[in-house]
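Participant: Take a look at the letters that make up each chain.
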Amino acid sequence: MGEMEQLRKEADSLKDQITAARKAVQDSTLQEAAASITVVGRVQLKTRKTLRGHLAKIYAMHWSTDSKLCVSASQDGKLIVWDSITTNKVNAIPLKSSWVMTCAYAPSGNLVACGGLDNMCSIYNLKGKDGNVKVMRELAAHTGYLSCCRFLSDSEIITSSGDCTCVLWDIETGTQKTVFAGHQGDCMSLAVSPDFKFFISGACDFTAKLWDIREASCRQTFGGHESDINAIGFFPNGNAVITGSDDATCKLYDLRADQELITYQDSGIMCGVTSLAPSVSGRLLLAGYDDFNVNIWDALKAERVGVLAGHDNRVSCIGVSSDGMACCTGSWDSFLKIWN
Amino acid sequence: MTIRNAIRDHGQRYRPRMVCLKKAEKVLLEMQDPRTGVKSQPQRLVITTIPHAITGEDIIAWLADRFQVDPQEARSFGSMLVALGYIYPLQDHKRLVIKPDASLYRFQTPYFWPTQQWPVEDTDYAIYLAKRNIRKKGILELHEQEQYNRLHKWMNHKWDFIVMQAKEQYRAAKERKKPDRVVFECQERAYWVVHRPPPGTVSGMDYGLERRIDPNADETKTPDFYERIMIFTQQSIMRPRVKSSVSIGALVKYCTTYNSHDPFLSKCLPSNPWLTDDVTLWSLNRLYVDVPTKMRVERWTFSFGELLSDPIGRDGFRLFLKKEFSSENLAFWESCEDLKWGAAATMKEKAQQIYKTFLARGAPRWINIDGKTMEITVSGLRHPHRYVLDAAQTHIYMLMKKDKYGRYIKSPVFKDTMKKAIAPEEHKFTDAQLEQNARNRRPSLSPIILRQQEEEQRAKMAASAPVDITQLCRFTTPVPHLAVYSGITDSPSATASPSLPFLAHTPACPSPISVALDSNSASERRGEASEGGAEGNHEARGPARGSVSKSRVALSLRRLLKRGCTPSTMFASLSPKCHSAAGTSSRIQPISPDEPSQAPPRRIGNFFQIKVDIPPECRIYPIESEDEDEESRAASRGGVGAKEIICPWESLTPHNGTG
Numbered sequence: 001m002g003e004m005e006q007l008r009k010e011a012d013s014l015k016d017q018i019t020a021a022r023k024a025v026q027d028s029t030l031q032e033a034a035a036s037i038t039v040v041g042r043v044q045l046k047t048r049k050t051l052r053g054h055l056a057k058i059y060a061m062h063w064s065t066d067s068k069l070c071v072s073a074s075q076d077g078k079l080i081v082w083d084s085i086t087t088n089k090v091n092a093i094p095l096k097s098s099w100v101m102t103c104a105y106a107p108s109g110n111l112v113a114c115g116g117l118d119n120m121c122s123i124y125n126l127k128g129k130d131g132n133v134k135v136m137r138e139l140a141a142h143t144g145y146l147s148c149c150r151f152l153s154d155s156e157i158i159t160s161s162g163d164c165t166c167v168l169w170d171i172e173t174g175t176q177k178t179v180f181a182g183h184q185g186d187c188m189s190l191a192v193s194p195d196f197k198f199f200i201s202g203a204c205d206f207t208a209k210l211w212d213i214r215e216a217s218c219r220q221t222f223g224g225h226e227s228d229i230n231a232i233g234f235f236p237n238g239n240a241v242i243t244g245s246d247d248a249t250c251k252l253y254d255l256r257a258d259q260e261l262i263t264y265q266d267s268g269i270m271c272g273v274t275s276l277a278p279s280v281s282g283r284l285l286l287a288g289y290d291d292f293n294v295n296i297w298d299a300l301k302a303e304r305v306g307v308l309a310g311h312d313n314r315v316s317c318i319g320v321s322s323d324g325m326a327c328c329t330g331s332w333d334s335f336l337k338i339w340n
Numbered sequence: 341m342t343i344r345n346a347i348r349d350h351g352q353r354y355r356p357r358m359v360c361l362k363k364a365e366k367v368l369l370e371m372q373d374p375r376t377g378v379k380s381q382p383q384r385l386v387i388t389t390i391p392h393a394i395t396g397e398d399i400i401a402w403l404a405d406r407f408q409v410d411p412q413e414a415r416s417f418g419s420m421l422v423a424l425g426y427i428y429p430l431q432d433h434k435r436l437v438i439k440p441d442a443s444l445y446r447f448q449t450p451y452f453w454p455t456q457q458w459p460v461e462d463t464d465y466a467i468y469l470a471k472r473n474i475r476k477k478g479i480l481e482l483h484e485q486e487q488y489n490r491l492h493k494w495m496n497h498k499w500d501f502i503v504m505q506a507k508e509q510y511r512a513a514k515e516r517k518k519p520d521r522v523v524f525e526c527q528e529r530a531y532w533v534v535h536r537p538p539p540g541t542v543s544g545m546d547y548g549l550e551r552r553i554d555p556n557a558d559e560t561k562t563p564d565f566y567e568r569i570m571i572f573t574q575q576s577i578m579r580p581r582v583k584s585s586v587s588i589g590a591l592v593k594y595c596t597t598y599n600s601h602d603p604f605l606s607k608c609l610p611s612n613p614w615l616t617d618d619v620t621l622w623s624l625n626r627l628y629v630d631v632p633t634k635m636r637v638e639r640w641t642f643s644f645g646e647l648l649s650d651p652i653g654r655d656g657f658r659l660f661l662k663k664e665f666s667s668e669n670l671a672f673w674e675s676c677e678d679l680k681w682g683a684a685a686t687m688k689e690k691a692q693q694i695y696k697t698f699l700a701r702g703a704p705r706w707i708n709i710d711g712k713t714m715e716i717t718v719s720g721l722r723h724p725h726r727y728v729l730d731a732a733q734t735h736i737y738m739l740m741k742k743d744k745y746g747r748y749i750k751s752p753v754f755k756d757t758m759k760k761a762i763a764p765e766e767h768k769f770t771d772a773q774l775e776q777n778a779r780n781r782r783p784s785l786s787p788i789i790l791r792q793q794e795e796e797q798r799a800k801m802a803a804s805a806p807v808d809i810t811q812l813c814r815f816t817t818p819v820p821h822l823a824v825y826s827g828i829t830d831s832p833s834a835t836a837s838p839s840l841p842f843l844a845h846t847p848a849c850p851s852p853i854s855v856a857l858d859s860n861s862a863s864e865r866r867g868e869a870s871e872g873g874a875e876g877n878h879e880a881r882g883p884a885r886g887s888v889s890k891s892r893v894a895l896s897l898r899r900l901l902k903r904g905c906t907p908s909t910m911f912a913s914l915s916p917k918c919h920s921a922a923g924t925s926s927r928i929q930p931i932s933p934d935e936p937s938q939a940p941p942r943r944i945g946n947f948f949q950i951k952v953d954i955p956p957e958c959r960i961y962p963i964e965s966e967d968e969d970e971e972s973r974a975a976s977r978g979g980v981g982a983k984e985i986i987c988p989w990e991s992l993t994p995h996n997g998t999g
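One line per chain: the protein sequences are A and B, in this order. Read left to right, the first sequence gives residues 1 to 340 (my numbering). Read left to right, the second sequence gives residues 341 to 999 (my numbering).
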């Protein structure tokens, strides 16, 4: 037991060293730097379109890179690809397992992926012969539910799972290329950096980790949350990370200075954050909450500048299109709304 | 219907929202404060009065004041408290919302608070329903009756116990004073409305799917655990950190720079299609246009990455580099991208090709990297993988970024581009016009329609006679789903780029919107695709666009056709390639690994191969004499002296000098 005590003391002292190293570079805070910037003012976004068609809770949505199509996954066992402008359904893909928790659109627009309690990531080819959408691959190796997946290209995909690991898959062969293990709790979400070199994952151990895809290692760990991290995203320049947690706060972490910059919280907000998405300039942060609303935060000043209220149940997913023109929210009330 | 198993309950039901519930409780305590809390009044029920009832409007007012929010938000906050079961309505008890009027509510007793961590058992619910049934038969609602029947069926073995308990509780309740009894009944009823909601209502207790890890499990800390932590921490300490001020400054600068490009913060010119249903903005900003908009050109000045990720920007940059005789850098970078994101099957070949073209001593397009990087790269190439050229690529990227990019932005060519860029006027639509726009709203094209259009195009080509070489060239162009790019030789000034986006192993697919319909775009892409890549043993493909005479084109076409199109390959060998949504990702998709079936022996090492889809009736027979010339030239290896074969599609389809 003495050995364990010693190890624990060593680990703690190292942690103190990290804290000290972080403090050493902290010669400024975001509040100071942002003090001189003009205020954003009230941001009013209105519902422009409502996408109706799902019959049960919507758990996930993802925009295509062309900013017109988006895919959504619902627990009625359907993956629907929508044309957001006309609200038409381009594809309605029936799933083998209705307990789907995530979906993703490939950057090329050729593939969509989904997964959930079946522990598998199923890849569907949208551009198949005869216009049929068929399962292209089923990536099975996780021992826990699939919480999130994101494509790197048409041949690689990263998934995060309830078994506390994230995996990089080779789609063509259907095998795992790298397993990123290190979290102590269910990995709930992941996001890929704009340059596709890193990805971040948020987990139920209250931490977020930055992983290097090429080196297959964890580069940085960010703590500070008091509850499970449900949502995570990169700041558009790729040098900062935003996390949203069940403790009703979002936090901004700086990757290069390796520390937490600011917390987005309000005493009047009690419910957990389920999803978040930064706007194209990074100035606005849109976060979906359990209380059926989406709050818009000024990312630099940490003030609430808007609310999107329109759903009748929890907002489960949110996404801003890549041209930044529209924000789509999906909710447990089975509707998706497009706002701008 | 899932059977609840109390043994397996890990406390999941409260875990995700425990933090939220604790905060709610704090608010509750404040609200119940006799001095500063919500005013309460007695409720009159026929003859009894029950104290401590509060009105909805008082609650909302108090919340609005406490949190400094507007009444609407206070109302949703209040509704949330009701949904969680902390406050319950006295009238209309099934709807768990706050009504901003004189409706009465009461605070729930802490015994029934959701933070009490005992699970909500079906047994208790059964007892409750049975009790109500005893009290007055027929009082149960429809859904409650259904639940009652269900529980009766599943808990038949316990039913005696349940009925006995119910009778006991009923008897005990009768002994209480009336006000207490009424209050308790209300509380219990409210509790069950929260935890067994009527069908069709949103339940505040709904937490979704369970998390896998057991929140109550003790973590066993092994020495290994600590050691891993220590190793990680030590590595982390040694990593370089940037000063906060620098890093934060960069974040702030990014926000301010892109502020005018953020549609949520700034106006879109000419008009936001979501608001006005007018898609001019999108058509002006299609991926491949002749003239980009000013906003788009402005983005290129923000960072090198922006310039490279925009195909038009990249084309402009490429031309600039060509003039400076350093275009091999960009070509190398593009080849590396292709290697990184391409299909695994062709990786080894591609890596070898890149080495031969760019890195080997005496290579035709040798790039200038320092000795150490070269060493690492060369040794890595013995076992090539996706990221084997990473170091070299980064080096070249930084080289371009630090030197060439800056010069390009300052160059007169770029300034000219900026001047010519479109700055659209803002639309001013009247209401009538907006309605008209809404009616004319057209969807983004579906893949089925795209495929149909492609078939139509192909049919038109096939039908057109006599065979026009120009038409044929367009035919032979790598229309996305048809061809894989062939790396026939190249002159030093134009190199084939392996950057044609194709998806390996998938059946022919329709090209995305802008690609299929915009022949101009196709030409741009082909032009781009004609650069970078195979040289050395290969015959020259196409020089810079637009600089070739027609006769050479015809000549090369015939040669090309002879090379690439033996009868066996002439029909729709719809090799499974297709464009990625043109350039929507800077990921450059790989070339198909298919071998050309007709490759003559001297064609070894071609990793770009053309499969041309020409219907039999359009066959062109090459002239013999030229072939002999060709063959002798091709036989001469090494060196760039080989006469160029111009990619026919490059110069034929007209394009303007934007790229």
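Hints in this document: simulated from the structure, not taken from any laboratory. Among the clues, some could well be false.
[Said to hold, decoys possible] Using 27 Å as the maximum straight-line C-alpha spacing, the simulated DSS-like pairs for lysine-lysine come out as follows:
hint	chain 1	residue 1	chain 2	residue 2
1	B	363	A	301
2	B	759	B	593
3	B	741	A	46
4	A	197	B	759
[Stated by the list, open to error] Ranges between beta-carbon positions, derived for each pair:
hint	chain 1	residue 1	chain 2	residue 2	range
5	B	366	A	16	29 to 35 Å
6	A	44	B	574	48 to 54 Å
7	B	516	A	267	38 to 44 Å
8	A	44	B	589	29 to 35 Å
9	B	381	A	16	53 to 59 Å
10	A	37	B	702	31 to 37 Å
11	A	263	B	519	42 to 48 Å
12	B	539	A	263	36 to 42 Å
13	B	463	A	98	42 to 48 Å
14	A	135	B	476	54 to 60 Å
[As the list claims (entries may be wrong)] Residues from chain B shown here face chain A by an in silico Cβ test under 10 Å; the list is partial:
hint	residue
15	363
16	452
17	453
18	566
19	587
20	613
21	643
22	645
23	685
24	688
25	722
26	726
Please read all numbers here as calculations on a predicted model, not as lab measurements. Ideal placement from N, C-alpha and C gives every residue a C-beta, glycine not left out.
Participant: All hints, please: hold or fail.
Facilitator: Cross-check of the supplied hints:
1. B/363 with A/301: holds (24 Å)
2. B/759 with B/593: With Cα atoms ~25 Å apart, residue 759 of chain B and residue 593 of chain B stay inside 27 Å; holds.
3. B/741 with A/46: Given that 27 Å is the threshold and the Cα spacing comes to 41 Å, the pair is violated.
4. A/197 with B/759: Distance of about 35 Å is beyond 27 Å: violated.
5. B/366 with A/16: 29 to 35 Å: holds (32 Å)
6. A/44 with B/574: 48 to 54 Å: holds (50 Å)
7. B/516 with A/267: 38 to 44 Å: Taking Cβ atoms as reference, residue 516 of chain B and residue 267 of chain A lie about 39 Å apart, which means the hint holds.
8. A/44 with B/589: 29 to 35 Å: holds (30 Å)
9. B/381 with A/16: 53 to 59 Å: holds (56 Å)
10. A/37 with B/702: 31 to 37 Å: Once the Cβ atoms are compared, 55 Å apart, the range 31 to 37 Å for residue 702 of chain B and residue 37 of chain A is violated.
11. A/263 with B/519: 42 to 48 Å: Distance hint for residue 263 of chain A, residue 519 of chain B holds at roughly 46 Å.
12. B/539 with A/263: 36 to 42 Å: holds (39 Å)
13. B/463 with A/98: 42 to 48 Å: violated (30 Å)
14. A/135 with B/476: 54 to 60 Å: Because 56 Å falls inside the window, the suggested range holds.
15. 363: holds (4 Å)
16. 452: This interface hint is violated because 19 Å lies over the 10 Å limit.
17. 453: This hint is violated: residue 453 of chain B lies away from chain A, its Cβ roughly 15 Å from the closest one there, beyond 10 Å.
18. 566: Interface hint status for residue 566 of chain B: holds (4 Å vs cutoff 10 Å).
19. 587: holds (4 Å)
20. 613: Nearest chain A Cβ about 7 Å off; hint holds.
21. 643: Holds. Min distance 9 Å.
22. 645: holds (7 Å)
23. 685: holds (7 Å)
24. 688: violated (15 Å)
25. 722: violated (18 Å)
26. 726: holds (8 Å)
In the structure shown, a violation is registered for the earlier hints numbered 3, 4, 10, 13, 16, 17, 24 and 25, in ascending order.
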